[in-house]
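Student: These are the residues of each chain, in order.
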Amino acid sequence: MLRYVARRVLNMVPLLFGVSLVSFLVIQLSPGDFLAEIRLNPVVSGDTVEQMRRNFGLDQPLHIQYLKWLWSILRFDFGYSFAYQVPVGWLIGTRLLNTLILNLAALVIAWTLAVPIGIRAATRQYSWSDNSLSMAAYLGISTPTFFSGLLLLFFAFRTGWLPIGGMTSLDHELLPAGARVLDVARHLIIPATVLGVGAAAGLMRQMRGNLLEVLRQDYVRTAKAKGLAERPVIYKHAVRNAINPLITIFGFEIGGLLSGSAILENVVGWPGLGQLILESVIRKDLYVVMASLMLGSVTLVLGNLIADILLAVADPRIRYD
Amino acid sequence: MVRRASSYLLVAVLVLTLLATMAGAGAAPRLPDLPKPVVDASAPDIGKYGGTFVTSTFSDPRTFNPVVAQDTVSNTVVEGTTSSLVDQNYLTGEMEPALAESWTVSRDGRTWTFTLRDKLVWSDGQPLTVDDVVFTLEAIFTPGVDGSLRDPLTFRGQRVQWRKLDGRRIQFQTPRDQPPVGLFLRLIAIPIVPKHKLADALGKGGAEFSRTWGLNVNARDMVSSGPFVFQSYTPGQRFILVRNTRYWKVDRNGQRLPYLTRYILQILPNQEASRLRFLAKETDAYEARPAEFAQLKQQERQGNFTVYDGPETFGRTFLVFNQNPAAVKPPKLAWFQDARFRRALAHAIDQNAIIQQVFAGRATPPTSEITVGNKLYYNANLRPYPYGIERAQQLLAEAGYRRGSDGFLRDAQGNVVEFTMITNAGNVDREAIGNLVRQDFTRLGIRVSFVPESFPSLVGKLTGTYNWEAIIIGFTGSLEPGTDSRNVWLSSGDLHMWWPKQEKPATQWEAEIDRIFEQLPAELDQAKRKQMYFRFQEIVYENLPMLYFPYLKTQPAIRNTIGNVKLGLQGHTPGLPGWSVPATTTYFKGAYRP
Amino acid sequence: MALAWQQLRKHRVAMVGGAILVILYTLALFADFIAPYSLDWSDRGHFYHPPIMPRFIDAAGHVSLRPFVYETTLADPALRIYTIDARKQHHLRFFVRGEPYRLLWILPSNIHLFGVDPPGRIFLMGTDQFGRDLFSRILFGARVSLIIGILVVGITIPIGMVFGGIAGYYGGRIDNVMMRLVEVIIAFPGFYLLLTLSAVLPQNMGCTTRFYMIVVILSFIGWAGFSRLIRGFVLSLKEREFVLAAKAMGLDDLRIILKHVLPNTSSLAIVVATLAIPGAILGESGLSFLGFGVREPCASWGNLLSAGANLINLGRSPWLLIPGFFIVLAVVAYNFLGDGMRDAFDPRLRTG
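Residue numbers (the working numbering), protein chains in the order written: chain Z, 1 to 321; chain V, 322 to 915; chain W, 916 to 1267.
Hints listed in this document are in silico derivations from the structure and should not be mistaken for laboratory results.
Ideal Cβ positions, reconstructed from N, Cα and C, are used throughout, including at glycine.
It cannot be assumed that every hint is accurate.
[Unchecked claim] To be clear about the criterion: a stretch of chain V counts as covered by chain W if any three or more of its residues have a C-beta under 8 Å from a C-beta of chain W, and this derived list gives those stretches:
| # | segment |
| --- | --- |
| 1 | 664-677 |
| 2 | 868-876 |
[To be verified] So the derived list for chain Z, only partly shown, Cβ under 8 Å to chain W, looks like this:
| # | residue |
| --- | --- |
| 3 | Leu10 |
| 4 | Val13 |
| 5 | Leu15 |
| 6 | Val19 |
| 7 | Tyr138 |
| 8 | Ser142 |
| 9 | Phe147 |
| 10 | Phe154 |
| 11 | Gly160 |
| 12 | Arg205 |
| 13 | Gln206 |
| 14 | Leu300 |
[Unchecked claim] To give a feel for the contact side, a few chain V residues facing chain W, derived at Cβ under 7 Å:
| # | residue |
| --- | --- |
| 15 | Glu593 |
| 16 | Ala612 |
| 17 | Ala615 |
| 18 | Ala681 |
| 19 | Gly682 |
| 20 | Pro686 |
Using the sequences and the accompanying hints, generate a full structural model.
Tutor: Written out as structure tokens, the structure is:
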């Protein structure tokens, strides 16, 4: 097992190299560069812009730029953001935790909703509750997040129960530690619910489908025929087998922890990575985009790895070598 | 006997008190540690101390370093925490003494001598002297420090010269040839940075200096000479400024300004969130969109705020055709270079539809480059081009363009008139305008396509490859276009969009504009400058290198608990973020957030 | 196949989903005919107009068997208020002459299903900022939103199947190399790939060209994951008897893959398809929200919704949010259908 993990980790290296190359090319291919805004500022002369271009290293040929970046990455120097003139590492670090919190909360909501509901829907297939739960699930995934986010913000405004977006209140710094956690939790409710319910819907259907399949398996029918009570049969044997593909999905979701929430962060004003990356891509703030893409890829690959490991743990038949 | 003496005494005391009061009334306010503070006379009321003022902005600041700051949000912080030698009065637009208490200019207009106020201090108590001014200038011109402060102080490739005369006086010298006497005060209004805090960084080079006082700054390292001091910044959420107890301005009663305890800017992701927070009374001011004006007016009572019918801004949006022979080939070049063609199309722009549909009535029909919001220099003699498809067709016919049997417009050589208009995607207003214009031009028989593009791509075309045909774009403006629009209007300019970097002016009218812009900075007399600006607007109006779209009005909404709200040029108000009017005289009339 | 179809018909909910989709696609196909106004037609005097439904009872209380509408004029442009002129009636007519178009892209015609004589207007779902009829634009937008998913799936499935089939069948080094390539694409956070690719697109292409480019981009994200799925499936399939038999018979690899192995993955493919199509619809609306999707003057449900979804409209002109309802309807219908199909194709789920 350990050898397998080691091999996977080693495989990551050429993978990341490939991803970085592709990202770099794609970004550079799009027309224009970071200096677009400044060029259009009538106060700044063309000469100054040219100087800035040299200072940012944007006048060098593409392969030189890429190699320079690669060299500094290997020394864990992620470069400076053009827009903010601060180290990219610092910039991302300030937002990373926020996005993690949001996506983890959404994950928790999604799974606590999906698994029991999925089980219930499967055990009562085609019944009224199955169909209505399916319907609710579909509605959950069918609405574009920017739309549901907007509606919920408006709802928060109308009722005054929940904060209207953002992550902390005005006087957050002055609150004692416990109150600070509660403050963030209150602000977390709307965005995490939107994301969580959306993810729960898909998960629930998977759970339902998988469980249905397992329930039709011969060994289950045998167990039932032998007279074992329904409940233990379902929960002990069937669910455990049905969960298997869901673990793979869980791995994907860990991988998506950093990138899945960008649009929602934008609508609701959650100060996370998604917002930062969106505007950096649009502005062509090269090093920020590269660093965040690398980060995203690493988490994706790690997520897959974790999923595979969990699978091996859950299902003794699976062997990697 | 005693009674008469006491009544004499009473009268004497009364007279003496009267005399003393009269003597005192003429004296300027003094602060114990600041002999000659500036009195802010623009504010209507004397305010009360206390309160936290909250407003919102749409993006994070990019830096807190005043020398490199360029974007709007960073400049909000800079305006609140720095001061310059001179300041613009937001009501009249005139330049007033700020850190400098007086100045003289030599007869030839080349040499300026400024005298700093006595006993100025930074927020940490360190004295503010000419050394700081000199340091700021050195920083601006250090290689590797890139910002927008360098070019205004460079005249024909020569930078302004400066010399420290003593602890309170500094002298500037501008080049011999046409010294910019008329506009120098505006150009020298640069934010002064503290030498004792930034000298180390500058010593390490320009690149290092540019990165100091960035977003990762430690608040203790920042000192201020403005009304507020930087306290904290939480990425993606807000930044907080607190009152500068050592600020050099007082109100008419001699009380030190500002009144507010804290000034907080919330960073909100979009307009919707901003509006909701304002209506929920979480923020105190909101820059409303044109379409919101009428609705907000109805909600004034319930929300306890007032939405003002603000004046127009200096900004303009326009359509430019590419007249650059290096980029556009005949027959298109011939059409775009034909002033009659451009004038005909100006008649095909339905300004009223744009005003009603895009801006919900909150805009004014345009004439030329200077907008009606510019009270000093707007040329009211020009009338907007009236909308008329028939008139447009008539003018086109007179210029040799006719509609064929297939409905398409053709030039004299028989080529179908067609072109592509672009603008920056995501700007909803420009996209809407482009749509309307496309429809009308199509009615003339022109084959127009309208394609919004990403901003970097657009700029790449506009300033790099010149590979475009027609662009809808806009600029913000200032009171004196002579200071900041040179690059656009000089025929040799980089941003002379329709034909940049000309070696010599391509047309008579461009040559005339060149002459005007060369003479403007040297003209001290404002009345004469006004004449020049008037003539400038006439030329642009006749030749239409740009076809203008309506001038936008502003509609700031401000909570009624806020005092000293007085709208100035462009609808700017103390406290409303993003513009050069920090909340120096803002105060809370009633209950406030501590 | 026939067995699966029979099974599907028993699944009532899936049938409902299928029926809804048939209706939507028919509307899209005949959009020019059904829509009273063309895509770009606008009435500048009637912007942000509320929906106009045909009436049967007039202002005086008389019932009329022929439905009609009243003319309206703009009373307050800032508050978007219109007043009705009860004296001017226009009757609803069917098979009217209107803007010319080409039926099914071939037959020139100018007959529309219904309409009213100008200056009367029949805005069944109101108008937008420019005075364009929303109902007509939703019908034309259906063409984009409903087709995008099918096109994306039409590209993703074959490419993914062939790629995954080859990798799974040959195994070993070929499998290794192919899957590494696939992993690079999967490892790339999909959302940002979408974003950067959309930003790369050359800008002055017409509506349709841009639409196809977006299809290509959305496919680029999807095929990698799908090929991984197929490859896994094929890995197990290739040890089955029928494959070994085919090999023994001397059939060449390509034929085996194409004619024997891949058809067995078809059930998987169909299910993935019916679940990926709604994903593409939502993906397009997300791109439109960010400004990278289909652009004006073309309509898609995504860009109609993102243009309409702001608070001012929520309060003043809520009809502009109707495209959202259509998106939800189509996605839900596809999901019902997909579920039914999955159940139908799975032999173990056969119900009596």
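Student: Compare the structure with each hint and give your call.
Tutor: Consistency of the hints with the structure:
1. 664-677: holds (count 3)
2. 868-876: violated (count 0)
3. Leu10: This interface hint is violated because 13 Å lies over the 8 Å limit.
4. Val13: At 12 Å from the nearest chain W Cβ, Val13/Z fails the 8 Å test, so the hint is violated.
5. Leu15: At 6 Å from the nearest chain W Cβ, Leu15/Z passes the 8 Å test, so the hint holds.
6. Val19: holds, 5 Å
7. Tyr138: holds, 4 Å
8. Ser142: holds, 4 Å
9. Phe147: holds, 5 Å
10. Phe154: Constraint on Phe154/Z satisfied, holds at 6 Å.
11. Gly160: At 16 Å from the nearest chain W Cβ, Gly160/Z fails the 8 Å test, so the hint is violated.
12. Arg205: holds, 7 Å
13. Gln206: Result: violated, 10 Å to nearest chain W Cβ.
14. Leu300: holds, 5 Å
15. Glu593: holds, 5 Å
16. Ala612: With Cβ-Cβ at 6 Å, under 7 Å, it holds.
17. Ala615: Interface hint status for Ala615/V: holds (3 Å vs cutoff 7 Å).
18. Ala681: holds, 5 Å
19. Gly682: holds, 5 Å
20. Pro686: This interface hint is violated because 15 Å lies over the 7 Å limit.
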